[in-house]
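S.K.: Residue strings, one per chain:
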Amino acid sequence: MGRTLTFNIFRYNPSDPASAPHMDKFTLDETERMTLFIALNRIREELDPTLMFDFCCRAGICGACAMVINGRPGLACHTKTKEMPDEITLMPLPVFKLVGDLSVDTGVWFRTMYQKIESWVHTDKKFDPTAQEERMDNGLAEQIYELDRCIECGCCVGACGTALMREDFLGAVALNRLARFILDPRDQRTEKDYFDVVGTDEGIFGCMGLLACEDVCPKQIPLQEQLGKLRRKMALAAVKNILPKFLKKDF
Amino acid sequence: MSVPTTATHEGLPVGKLSAYLDWAQMLTGAALILFMWSHLILVSSILLGPGVMNGLAWFFEATYMAQVGGPLIFLCFLVHFVLAARKIPFNTAQQRVMLANAKRLRHPDTWLWIVQAVTAMGILIMGAIHLWVVLTNLPITAEKSAARIQTGFWFVFYLFLLPMVELHVGIGFYRILVKWGFVDRPGRWTLKKKENLLTAVFIGIGLLSLLRYYFLPLK
Amino acid sequence: MKIIQTDLLCIGAGLAGERVAIEAADNGFSVICLSIVPARRSHSSAAQGGMQAALGNSAMGEGDSPDVHFADTVKGSDWGCDQEVARLFVDAAPIAMRQMAFWGVPWNRVVPGEQTYYKGGKPFTAFEKPENEGLIHSRNFGGTAKWRTCYTSDGTGHCVLYTLDNRAAQMGVNVVDKVEAIALIHDGDVCMGAIARCLKTGELTAYLARATLVATGGFGRIYRESTNAVICDGGGLITALDTGVVSLGNMEAVQFHPTGIVPTDILVTEGCRGDGGTLLDKNEYRFMPDYEPDKAELASRDVVSRRMTEHMRKGLGVSSPYGDHLWLDIRHLGEHHIRTKLREVDEICQSFLGVDPVHQLIPVRPTQHYSMGGVRTNKDGAAYGLKGLFSAGESACWDMHGFNRLGGNSLAETVVAGMIIGGKIVEFLKGTETTFSTGAVRDAMNKQTSRIADLVACKHGSENPYVVRNAMFDSIMKGAGIFRNGKDLEKCVAELQEILGRARKVGLRSNGKGANPELTMALKIEGMVKLALCVAYGALKRTESRGAHTREDFPERNDRDWLTRTLATWTEGADLPTLNYEPATHTFEMPPGDRGYGGGKIISMDAPK
Ligand SMILES: Cc1cc2nc3c(=O)[nH]c(=O)nc-3n(C[C@H](O)[C@H](O)[C@H](O)COP(=O)(O)OP(=O)(O)OC[C@H]3O[C@@H](n4cnc5c(N)ncnc54)[C@H](O)[C@@H]3O)c2cc1C
Ligand code: HEM
Ligand code: HEM
Ligand code: SF4
Ligand code: F3S
Ligand code: FES
Numbered sequence: 001m002g003r004t005l006t007f008n009i010f011r012y013n014p015s016d017p018a019s020a021p022h023m024d025k026f027t028l029d030e031t032e033r034m035t036l037f038i039a040l041n042r043i044r045e046e047l048d049p050t051l052m053f054d055f056c057c058r059a060g061i062c063g064a065c066a067m068v069i070n071g072r073p074g075l076a077c078h079t080k081t082k083e084m085p086d087e088i089t090l091m092p093l094p095v096f097k098l099v100g101d102l103s104v105d106t107g108v109w110f111r112t113m114y115q116k117i118e119s120w121v122h123t124d125k126k127f128d129p130t131a132q133e134e135r136m137d138n139g140l141a142e143q144i145y146e147l148d149r150c151i152e153c154g155c156c157v158g159a160c161g162t163a164l165m166r167e168d169f170l171g172a173v174a175l176n177r178l179a180r181f182i183l184d185p186r187d188q189r190t191e192k193d194y195f196d197v198v199g200t201d202e203g204i205f206g207c208m209g210l211l212a213c214e215d216v217c218p219k220q221i222p223l224q225e226q227l228g229k230l231r232r233k234m235a236l237a238a239v240k241n242i243l244p245k246f247l248k249k250d251f
Numbered sequence: 001m002s003v004p005t006t007a008t009h010e011g012l013p014v015g016k017l018s019a020y021l022d023w024a025q026m027l028t029g030a031a032l033i034l035f036m037w038s039h040l041i042l043v044s045s046i047l048l049g050p051g052v053m054n055g056l057a058w059f060f061e062a063t064y065m066a067q068v069g070g071p072l073i074f075l076c077f078l079v080h081f082v083l084a085a086r087k088i089p090f091n092t093a094q095q096r097v098m099l100a101n102a103k104r105l106r107h108p109d110t111w112l113w114i115v116q117a118v119t120a121m122g123i124l125i126m127g128a129i130h131l132w133v134v135l136t137n138l139p140i141t142a143e144k145s146a147a148r149i150q151t152g153f154w155f156v157f158y159l160f161l162l163p164m165v166e167l168h169v170g171i172g173f174y175r176i177l178v179k180w181g182f183v184d185r186p187g188r189w190t191l192k193k194k195e196n197l198l199t200a201v202f203i204g205i206g207l208l209s210l211l212r213y214y215f216l217p218l219k
Numbered sequence: 001m002k003i004i005q006t007d008l009l010c011i012g013a014g015l016a017g018e019r020v021a022i023e024a025a026d027n028g029f030s031v032i033c034l035s036i037v038p039a040r041r042s043h044s045s046a047a048q049g050g051m052q053a054a055l056g057n058s059a060m061g062e063g064d065s066p067d068v069h070f071a072d073t074v075k076g077s078d079w080g081c082d083q084e085v086a087r088l089f090v091d092a093a094p095i096a097m098r099q100m101a102f103w104g105v106p107w108n109r110v111v112p113g114e115q116t117y118y119k120g121g122k123p124f125t126a127f128e129k130p131e132n133e134g135l136i137h138s139r140n141f142g143g144t145a146k147w148r149t150c151y152t153s154d155g156t157g158h159c160v161l162y163t164l165d166n167r168a169a170q171m172g173v174n175v176v177d178k179v180e181a182i183a184l185i186h187d188g189d190v191c192m193g194a195i196a197r198c199l200k201t202g203e204l205t206a207y208l209a210r211a212t213l214v215a216t217g218g219f220g221r222i223y224r225e226s227t228n229a230v231i232c233d234g235g236g237l238i239t240a241l242d243t244g245v246v247s248l249g250n251m252e253a254v255q256f257h258p259t260g261i262v263p264t265d266i267l268v269t270e271g272c273r274g275d276g277g278t279l280l281d282k283n284e285y286r287f288m289p290d291y292e293p294d295k296a297e298l299a300s301r302d303v304v305s306r307r308m309t310e311h312m313r314k315g316l317g318v319s320s321p322y323g324d325h326l327w328l329d330i331r332h333l334g335e336h337h338i339r340t341k342l343r344e345v346d347e348i349c350q351s352f353l354g355v356d357p358v359h360q361l362i363p364v365r366p367t368q369h370y371s372m373g374g375v376r377t378n379k380d381g382a383a384y385g386l387k388g389l390f391s392a393g394e395s396a397c398w399d400m401h402g403f404n405r406l407g408g409n410s411l412a413e414t415v416v417a418g419m420i421i422g423g424k425i426v427e428f429l430k431g432t433e434t435t436f437s438t439g440a441v442r443d444a445m446n447k448q449t450s451r452i453a454d455l456v457a458c459k460h461g462s463e464n465p466y467v468v469r470n471a472m473f474d475s476i477m478k479g480a481g482i483f484r485n486g487k488d489l490e491k492c493v494a495e496l497q498e499i500l501g502r503a504r505k506v507g508l509r510s511n512g513k514g515a516n517p518e519l520t521m522a523l524k525i526e527g528m529v530k531l532a533l534c535v536a537y538g539a540l541k542r543t544e545s546r547g548a549h550t551r552e553d554f555p556e557r558n559d560r561d562w563l564t565r566t567l568a569t570w571t572e573g574a575d576l577p578t579l580n581y582e583p584a585t586h587t588f589e590m591p592p593g594d595r596g597y598g599g600g601k602i603i604s605m606d607a608p609k
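Sequences listed follow chains Z, L and X, in order. Residues in the first sequence are numbered from 1 upward in steps of one, following the working numbering. Residues in the second sequence are numbered from 1 upward in steps of one, following the working numbering. Residues in the third sequence are numbered from 1 upward in steps of one, following the working numbering.
If we strip away everything but chain Z, and leave its shape as in the complex, we get (with noise of 0.2 Å):
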């Protein structure tokens, strides 16, 4: 405590013509539990009520506040100044588009990425209101959460190389979500459909392994993992048709 931080941020309002992208300077004294939400809510309160960045939930489960802190991306409201250098500097996120300051518009990008790659489960069967549910085995119920708790942050997007060069690239929060449909049951998509969704260079033979993605997660989804897995089965998808039977197993 006592310590005083210096707060870099990074500042532009585009739909005022008369700003310019530049960095400010803020200067504040440190609480105890101080988080980058209590920071940025006192500047703006107390030093710049023109300050614009998101929060949501506050508390790490909504995905809105994620920016580029130190260079990294991630949660501000995750963030404990306590853990932070007495200068913290930061940026928005990029790949998306900037709002102004410290907000971009994420939910353009990811309504996109939904039509994209056809985020939702595709089954001909009609509900039956009167019909009990259809079983679903307890393990792969919980298999499925695990890559459903992605918080749509934008993180693993902000950190790619990939993504940054190559705006077409589906990003590693597409590819986990496919993989999340792939374990379900339920989808009744076929291996070709989802080869034709990211069996190409704008998705997962696009991914270049840089891993960013995976070190950056806030929710330690297990990105490698479920790129490797997906590789695996898009390229054996491929050449199916030309390996030995006992090569077609699924590894």
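Treat the hints as calculated values from the structure; they're not laboratory data. C-beta atoms are modelled at their ideal positions from N, C-alpha and C, and glycine is treated no differently. One should not assume that every hint holds.
Listed next, the stretches of chain X that the computed footprint assigns to chain Z, with coverage defined by at least 3 CB atoms under 8 Å from CB atoms of chain Z [as the list claims (entries may be wrong)]:
(1) 108 to 115
(2) 130 to 140
(3) 144 to 157
(4) 195 to 202
(5) 339 to 348
When the alpha-carbon atoms are kept at most 25 Å apart in a straight line, the in silico SDA-like pairs for lysine to any residue are as follows [as the list claims (entries may be wrong)]:
(6) Z:Lys97 with L:Ala100
(7) X:Lys295 with X:Lys601
(8) Z:Lys125 with X:Phe29
(9) Z:Lys116 with X:Gly28
(10) Z:Lys229 with L:Lys103
(11) Z:Lys229 with L:Trp23
(12) Z:Lys25 with L:Arg104
(13) X:Lys387 with X:Asn27
(14) Z:Lys229 with L:Ala100
(15) Z:Lys192 with L:Ala100
(16) L:Lys103 with Z:Ile69
(17) Z:Lys192 with L:Arg104
(18) Z:Lys25 with X:Ser510
(19) L:Lys16 with Z:Thr190
(20) Z:Lys192 with L:Lys103
(21) X:Lys478 with X:Thr264
To list a few chain X residues with every Cβ distance to chain Z over 10 Å, as calculated [stated by the list, open to error]:
(22) Gly244
(23) Lys424
(24) Lys430
(25) Ile602
(26) Ser604
Following the hints, complete the assembly by docking chains L and X with the ligands onto the known chain Z.
M.R.: Structure of chains L and X with the ligands alone, referenced to chain Z:
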């Protein structure tokens, strides 16, 4: 994506090309790794004495492995280059984005990729020259190699090529395993440690061999 | 002026908003959902515990039925709910859960054989029937006779919301995020849509719709200590109240959750206690059994919150720089259980407190959590006062919660109400045409444009909106918190009236351009203070204790005079809401009785005056 943005014709079927190319990139990479490891055995056999090396070289010549294998390796090298180069950004904006990202993130694996991309360029030029020189001047003997290296120019040449190759190969090895999901989360960190160690050892052996060539008394 | 037209406009894209939207889209209507944040960031995603539906698959839920669920709900509401609605709800809840399963929610499922569970800190085993293997499992939640809460580890709200949003994407529901509805378009009889401000550019758009749904969630952020997301500031309710004709029901019924962590007020799920967590005081003594011998930590929320406050008032709280608190102890559940079944809790403690719940105690205190009150609707979800206006979810007072909602009932309400009210809206859309009055649209738009211009120009004054908000926080927590009494409430109402005057004089320090956050705050501070007044004034007038509404000066539940629902409307320019009352319920499937927990005397319906 599977959905074309202009709908003047039926949706374009997504080919399996990307998948094939990824296979080919990985397999040529893996082949080159295996080759480079054997290559190191060949080259460093000089440490056990010129006789051993000559023996090995003779064995490869006699079995025609060098005559056939050499050009095959050359082919692998070219194919791998063409495939892997697809991933390297050629416009400056993208290169800068990638570099800026690595700097900002301070993220080791992203840096590893940059090391790989940069060494690849060096390897492309120097490796090609090396291949040409060696393969147009068969058979390989310890004396010929030593003579080449003692010109001084080649010594310096290898001094650059060696670490580039070993880094590229070491990282490539690690990357194949993580990309194809053959290691799990904790496994990745041990793998990385082992891979770094391996690279260091190989560079060490390579350096010793180079010195041995340099100081090998010529007849 | 930018105008966009659609069949159904859902203000809010949380569970309730999206569920209604899907129903309409399914029936071929065009739907737009407006949301302050991308749909999946809506606060529904924060609900960890689960949702109640009487499926009765689990060993501890055996014998459960909608009737048992109904009884729990009505008791939980302290007989303040509309029993017809509660019946609709409990009957449809199992169907809704199965539908969610059909759409992709990875519910936890029954694992057959001997299983170890926890109750009151002690492990016990129960035998899960092999024939139920793979059916939806349930866990324990406070205030219920059976284990009935369907869950996915502790990310229930998250998973259900993601599944629904997937479904919405599939159905082509148009979700427009980073927009905030700031006023309804109406002519005093018919609602024609809403004026919304884009939070990316600051631009205003008029959304015209044949049916408009308010599904904006709770308004907890009129309190400083709240488990709600920072966007839960009642924007939707404000637009309804501002019409002058729409009633807000039971605004004084505010629930406090026993376990918000100190200092950040993040909720740790009731599941902690459901799975066997206990509450300790400064001597690390487990005090709840002394107050509630039967249910102990699992009595309903209002009871636990109140007992905790009572205990702290005795000086047995742990003092800290952030005020007194108590301890939540889950250490005995074991590392495996905590790191898997209660993972989010584990994460919250580690990342926001630096506490490891496997080895350490968690500092907790009661925190504002849920608003039972909201836009009063009939059982079809239609708001009182304006045709074409509907409401569902936490923002509505549909009223199955009465004066206290049970844990797990609100998340279930969102999808069940979404299903039922969605169906009713579809009927409405099929049977009704609307005439859009261009004059009403222009008036609504002009009014908002000039409001913004005035704020930027500081025409009415230059009060700082944040300072005004802080004043409101101070006042309402003191006057209309967990314990209430006439004296404090009177003071609170007077203070809030003064604060309302200041709220009307706010002005910006900045230029208000683009997504300016100061303007966002300034635009709603007056409305927030009005909501606070509805709470405090309603609480002052309600001279009884019922559910979460606890009057120290009127400790008994008074069914004779107060088996009613408060209806608040706001006449333009007034300084106080107008309060009216209606009977809490018209049908009595279950006559008023004792809840069986919480203690307190009851003045019965037919007691002499
Ligand atoms: C921490 C926490 C845990 C909980 N756990 C449980 C639980 O375990 N079980 C349970 O049953 N209940 C639980 N609840 C309660 C439950 O989560 C909520 O009641 C429920 O999710 C509300 O859903 P909703 O759809 O009504 O609103 P929300 O999900 O809050 O959605 C509101 C929507 O309205 C939008 N919006 C708001 N204002 C405006 C505006 N002015 N213009 C445009 N859009 C607007 C928002 O962007 C959002 O999309 C919990 C609540 C909290 C706070
Ligand atoms: C001796 C020669 C070489 C060897 C042994 C070698 C080996 C490898 C290996 C094993 C990989 C990992 C493959 C994968 O991830 O799929 C790799 C990747 C790569 N190689 Fe090489 N390589 C050699 C030469 C070159 C050359 C000449 C280039 C050319 C320009 C090059 C460019 C790359 C690039 C850019 C990658 C990264 C690809 C990606 O991340 O997807 N390599 N190399
Ligand atoms: C079939 C192909 C190849 C043959 C026959 C071959 C042969 C040799 C020989 C004989 C030497 C000893 C030095 C000399 O004679 O100049 C040598 C050294 C070396 N080669 Fe190759 N080589 C081949 C391919 C490659 C490739 C593809 C690379 C990497 C791009 C490579 C990298 C090196 C390096 C770095 C050295 C120096 C090793 C040391 O440290 O001693 N070689 N090679
Ligand atoms: S995968 Fe992880 S980093 Fe990526 S969006 Fe999801 S939670 Fe965020
Ligand atoms: S960082 Fe990017 S390249 Fe692949 S492994 Fe992760 S998506
Ligand atoms: S505000 Fe929700 S994750 Fe940070």
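S.K.: The structure should be examined with respect to each hint, and the outcome stated for every one.
M.R.: These are the hints, each one checked on the structure:
no.	hint	result
1	108 to 115	holds (count 4)
2	130 to 140	holds (count 5)
3	144 to 157	holds (count 3)
4	195 to 202	holds (count 4)
5	339 to 348	holds (count 3)
6	Z:Lys97 with L:Ala100	holds (18 Å)
7	X:Lys295 with X:Lys601	holds (19 Å)
8	Z:Lys125 with X:Phe29	holds (22 Å)
9	Z:Lys116 with X:Gly28	holds (23 Å)
10	Z:Lys229 with L:Lys103	violated (29 Å)
11	Z:Lys229 with L:Trp23	holds (15 Å)
12	Z:Lys25 with L:Arg104	holds (19 Å)
13	X:Lys387 with X:Asn27	holds (21 Å)
14	Z:Lys229 with L:Ala100	violated (30 Å)
15	Z:Lys192 with L:Ala100	violated (38 Å)
16	L:Lys103 with Z:Ile69	holds (13 Å)
17	Z:Lys192 with L:Arg104	violated (39 Å)
18	Z:Lys25 with X:Ser510	holds (18 Å)
19	L:Lys16 with Z:Thr190	holds (16 Å)
20	Z:Lys192 with L:Lys103	violated (39 Å)
21	X:Lys478 with X:Thr264	holds (19 Å)
22	Gly244	holds (31 Å)
23	Lys424	holds (17 Å)
24	Lys430	holds (20 Å)
25	Ile602	holds (38 Å)
26	Ser604	holds (40 Å)
Of the hints listed earlier, those the structure fails to meet are numbers 10, 14, 15, 17 and 20, in rising order.
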